[in-house]
Amino acid sequence: MFVPCDRGGGSASSEFKGFTLLMPAVSVGNVGQLAIDLVISTLDMTKVGYFYTDCLVPMVGNNPYATAEENSVELSINAEVYSLPSKKLVVLQIRSPFIKNKYRPFCQTLLSWVKSSKCAQVVLLSSSHAYQRDDEQLLGTPLRYLLTPDLEKAVGGLMQELNWKEMEKVAAYPGINDTEKILHIPGGGITKLLFTESCSKGIQMAVLLKFCSEGDNIPDAFALVNYLNEWLQLIKSEVNTSSQWKIPSSWRLLFGNGLPPALF
Amino acid sequence: MATFFGEVVVAPSRAGVDDDESAEEAREETPEDREIRRELEKKREIDVLWTLKSGASTGSSTDEPFVCSKFIVAIGHNAAAFLSSFILDSVCWEVVGVVKLWNEWCRTSNTTNVLPSDSFCLFYQLISDPTVLLCQCSCYVAEDQQFQWLEKVFGCMQKEGLQVTVLSTCPVADYKTQESTLTLPSPFLKALKTKEFKEQVCCPLLEQPNIVRDLPAA
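Residue numbers (UniProt numbering), protein chains in the order written: chain A, 1 to 264; chain B, 1 to 218.
Derived by calculation from the structure, the hints in this document are not laboratory data.
None of these values were measured; they are calculated from a predicted model.
Any given hint might turn out to be false.
[As the list claims (entries may be wrong)] Each computed DSS-like pair below joins lysine-lysine, with the alpha-carbon atoms no more than 25 angstroms apart: (1) 153(A) with 115(A); (2) 100(A) with 152(B); (3) 100(A) with 100(B); (4) 115(A) with 17(A); (5) 176(B) with 195(B); (6) 115(A) with 201(A); (7) 193(B) with 47(A); (8) 246(A) with 176(B); (9) 159(B) with 70(B); (10) 102(A) with 43(B).
[Said to hold, decoys possible] Partial list, derived from the structure: chain B residues whose beta carbon lies under 7 angstroms from chain A: (11) 181; (12) 206; (13) 208.
Note that CB positions come from ideal geometry on N, CA and C, so glycine has one too.
Based on the provided sequences and hints, a complete structural model is requested.
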């Protein structure tokens with residue numbers, strides 16, 4: 001599945017040993033993917049390969065993180081991997097939705113690649129429908145986290161210090177039986193599947209998600225990436241952190257073209 | 001979510017996995033479900049049928065891959081029509097293959113006598129240089145079939161020294177630009193190329209944030 005770029009250097013899998021894998025879930029508002037775009041663009045990460053997969057809708061375009069004429073002509077496809085060895089960070093960006101019935105095989109292949117690459121931990125950025133919150137969730141922060149049991153032991157204390165809120169479980173049979181609780185992430189795409197599979201496979205995974213709705217999700221992306229930064233400290237968090245993240249050139253024209261002058 | 005008029009509707013999610021779909025998958029698949037799914041998958045399978053120069057027909061898997069130096073693929077009615085009008089003729093080109101597929105939007109057949117308004121996917125070989133192949137694909141290849149099309153077609157070709165050119169069209173209204181598309185002189189050409197392509201490109205490259213989808217992207 002993973003195809004390395006020809007940039008020389010050793011075998012692709014050993015490059016990520018001990019790294020943190022950061023990836024998005026294709027979820028409501030595409031917030032995870034937007035946040036990942038901010039990370040790749042700000043840290044100026046290098047593309048190290050892509051996923052050759054039949055599970056995602058194909059798409060191709062020119063370099064979405066282009067800053068000048070010289071770097072704007074590299075092709076970019078739907079699932080690419082970027083790396084920043086100085087921060088032991090490897091990032092997967094997913095740019096198109098899953099083909100029907102293909103999300104399960106994708107999750108399986110992805111998790112076995114994670115295991116074979118020997119990544120230390122996986123951080124999944126995601127989102128969930130804001131309108132499905134209960135009364136308590138409507139108050140306070142819209143950001144939540146989840147940790148697999150293995151990772152809980154390692155960083156659970158840090159989450160407490162940061163005063164983060166864990167994603168609440170909901171009743172499996174609401175109204176009938178409130179004792180049995182399950183994890184429910186509406187609008188989260190493959191988030192729940194990846195999380196439950198990671199728990200059973202002993203993969204250290206953290207999920208960071210934000211409650212949001214479809215619309216202009218750029219502010220949601222900034223909120224999520226700042227939340228991530230509280231933990232991973234990818235950039236120096238100063239007073240006005242929003243201005244520290246670099247918006248990629250591909251975010252231009254998100255809401256349509258210019259207006260025809262004849263309109264006026 | 002609530003719409004402008006106040007009624008509550010279930011909005012399609014960009015997540016790509018509807019909650020219904022994932023709940024459905026969570027249930028154990030019965031043998032009947034498995035059978036139905038297998039039948040549907042079989043129906044959506046693509047068959048690539050090649051005719052060798054000698055006239056003998058082979059199945060979708062040839063013993064040896066074709067030697068191919070140039071492969072030109074025209075996807076969509078406009079691109080296919082361009083090839084028909086300006087490039088193809090019965091003197092220099094002969095039909096060497098056909099793709100048979102079915103999906104909700106179209107069905108092709110394995111006849112090579114097609115009308116321009118039909119949905120078809122044919123392969124032609126240049127008689128004077130058999131390493132030059134051309135494909136006219138005017139049928140819509142659904143997203144779950146695109147990868148299969150790719151693997152089956154390219155699987156038959158030797159990829160060393162192969163130059164692939166993909167011709168396709170998109171509506172001008174889909175083009176993202178600072179000005180309005182109304183004032184753009186159309187039609188116009190844009191290109192995408194891999195870094196291995198060293199020749200001169202005849203038109204400007206596609207600017208961000210525009211992208212290409214479906215079979216041309218695949």
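Against the structure, the hints come out as follows:
The hinted pair formed by residue 153(A) and residue 115(A) meets the criterion: a straight-line CA distance of about 19 angstroms does not exceed 25 angstroms. Using a Cα cut-off of 25 angstroms, the hinted pair residue 100(A) and residue 152(B) holds, with the two alpha carbons roughly 21 angstroms apart. Distance restraint check for residue 100(A) and residue 100(B): the Cα-Cα separation of roughly 22 angstroms lies within the 25 angstroms cut-off, and the hinted pair is therefore satisfied. For the hint linking residue 115(A) to residue 17(A), the alpha-carbon distance of about 10 angstroms falls within 25 angstroms, and the restraint holds.
A distance of roughly 24 angstroms separates the Cα atoms of residue 176(B) and residue 195(B); the hinted pair therefore holds under the 25 angstroms criterion. Using a Cα cut-off of 25 angstroms, the hinted pair residue 115(A) and residue 201(A) holds, with the two alpha carbons roughly 9 angstroms apart. Distance restraint check for residue 193(B) and residue 47(A): the Cα-Cα separation of roughly 17 angstroms lies within the 25 angstroms cut-off, and the hinted pair is therefore satisfied. For the hint linking residue 246(A) to residue 176(B), the alpha-carbon distance of about 21 angstroms falls within 25 angstroms, and the restraint holds.
Proposed proximity of residue 159(B) and residue 70(B) is supported: the alpha carbons are some 10 angstroms apart, at most 25 angstroms. About 17 angstroms separates the Cα atoms of residue 102(A) and residue 43(B), which keeps this hinted pair within 25 angstroms; it holds. A cut of 7 angstroms between beta carbons decides the hint on residue 181(B): the least distance to chain A is about 6 angstroms, and the hint holds. This hint holds: residue 206(B) has a C-beta 6 angstroms from the nearest C-beta of chain A, less than the 7 angstroms allowed.
Satisfaction of the interface hint for residue 208(B) is found here, the shortest Cβ-Cβ separation to chain A being roughly 5 angstroms, below the 7 angstroms cut-off.
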